[in-house]
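Novice: As a plain string of letters, each chain reads:
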Amino acid sequence: MTALAVALEAGDRYVAAAYVVFVALIVVYVAIMAAKLTRIQRALETLRDDRGEPER
Amino acid sequence: MPARRISSLALTAAATLAAGLSLVFFYAPVDADQGVIQKIFYIHVPMAIVALCGFIAAAGMAICHLRTGDRQWDVRAYVTIHLSIILAVGVLVTGAIWARGSWGHWWVWNEPALVSFLIVFLLYCTYQPLRFAIENPERQARYASVFAIIAGAFVPVNFVVVRLAQAYTHPRVLGTTGGNMPGAMRLTFLVCLGAIALLFATLWALELTAKEAAARMRRRVVR
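From first to last, the protein sequence lines are chains A and B. With this note's numbering, the residue at position 55 of the first sequence is 55, and numbering never jumps. With this note's numbering, the residue at position 173 of the second sequence is 173, and numbering never jumps.
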């Protein structure tokens with residue numbers, strides 16, 4: 001990491017930081033959405049099991 | 001929205017984003033005035049444009065909700081504002097990084113574009129607390145729609161006022177004569193704008209589908 005930081009010039013570092021922020025924002029959002037969808041899916045499966053419905 | 005349609009939308013968004021980033025780093029020339037730091041604009045400006053368009057679109061959806069009484073429009077407006085706020089966070093952070101590299105300061109209070117965007121962001125930050133402070137679902141949707149319309153009308157007014165401001169230090173990416181960028185830069189910018197718009201559409205469809213699934217599940221529990 002230090003070697004990478006040294007290799008990058010000041011301007012490059014700011015550009016890298018901005019793009020890392022952008023990617024991090026998207027990754028965090030998608031991770032939260034994936035967790036929510038998994039929770040819904042689990043709850044739906046529990047509901048199906050409770051009612052004895054076959055899995056679609 | 002069907003899963004297959006979301007998947008194809010996600011693939012298109014990913015491909016356009018990959019193309020945009022490739023153009024940014026391997027095709028677009030380094031700006032003679034600002035240097036490499038100008039490359040931040042290829043995500044900063046599209047995110048700002050898409051976020052502001054999202055706020056205005058949410059106002060349109062809120063109008064549809066009030067006119068038709070269909071709760072689906074309220075959910076669409078809610079998801080649009082939610083995603084626009086997330087993009088606005090990205091705009092503020094990447095803008096601050098650019099300002100630090102270019103001006104030597106993280107934030108400049110006498111810069112109209114920065115402060116006005118912050119005001120719009122803070123205004124929309126009150127949308128969720130306002131919404132969830134109301135327990136009655138019907139009234140919650142109605143109040144949220146009224147807020148979305150008023151705040152949405154404020155966005156273009158705010159943009160025009162900033163453009164008319166005299167003390168202007170914020171660089172203009174798109175000028176009144178159709179842009180000040182050379183061809184390679186403009187192509188890169190437009191691809192990035194398309195990529196962010198597609199990304200927004202994908203995440204919007206995904207969140208809306210999740211919300212619909214959750215609502216359907218709640219209805220099944222109640223039945």
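FYI, nobody ran anything at the bench for these hints, they're computed from the structure. Bear in mind that the values here come from a model prediction, so they are computed numbers and not experimental data. Using N, Cα and C, we set each Cβ at its ideal position, and we do this for glycine too. Misleading hints may appear alongside valid ones.
Part of the chain B face toward chain A, derived, beta carbon under 7 angstroms [to be verified]: (1) 7; (2) 35; (3) 214.
Ranges of calculated distance between the beta carbons of each label pair, as one might list FRET restraints [as the list claims (entries may be wrong)]: (4) B:14 <-> A:49: 21 to 29 angstroms; (5) A:45 <-> B:31: 50 to 58 angstroms; (6) B:212 <-> A:9: 17 to 25 angstroms; (7) A:34 <-> B:123: 27 to 35 angstroms; (8) B:1 <-> A:32: 14 to 22 angstroms; (9) A:33 <-> B:133: 23 to 31 angstroms; (10) A:46 <-> B:89: 17 to 25 angstroms.
Novice: It remains to establish, for every hint, whether it holds in the given structure.
Specialist: Here's how the hints hold up against the structure:
Proximity of residue 7 (chain B) to chain A is violated relative to the hint, the smallest CB-CB distance being about 14 angstroms (cut-off 7 angstroms). Interface restraint check: residue 35 (chain B) against chain A, minimum CB-CB distance 5 angstroms, threshold 7 angstroms, status holds. Using the Cβ-Cβ criterion of 7 angstroms, the hint placing residue 214 (chain B) at the interface with chain A is satisfied: the shortest such distance is roughly 5 angstroms. For residue 14 (chain B) paired with residue 49 (chain A), a C-beta distance near 35 angstroms fails the hint of 21 to 29 angstroms.
With their beta carbons about 53 angstroms apart, residue 45 (chain A) and residue 31 (chain B) fall inside the hinted range of 50 to 58 angstroms. Evaluation of the 17 to 25 angstroms hint for residue 212 (chain B) and residue 9 (chain A) yields a failure: the beta carbon distance comes to about 48 angstroms. For residue 34 (chain A) and residue 123 (chain B), the hinted distance range of 27 to 35 angstroms is satisfied, since their beta carbons lie about 30 angstroms from each other. With their beta carbons about 19 angstroms apart, residue 1 (chain B) and residue 32 (chain A) fall inside the hinted range of 14 to 22 angstroms.
For residue 33 (chain A) and residue 133 (chain B), the Cβ-Cβ distance of about 25 angstroms falls inside the hinted range of 23 to 31 angstroms, so the restraint holds. Residue 46 (chain A) and residue 89 (chain B) have their C-beta atoms about 34 angstroms apart, which leaves the hinted 17 to 25 angstroms range violated.
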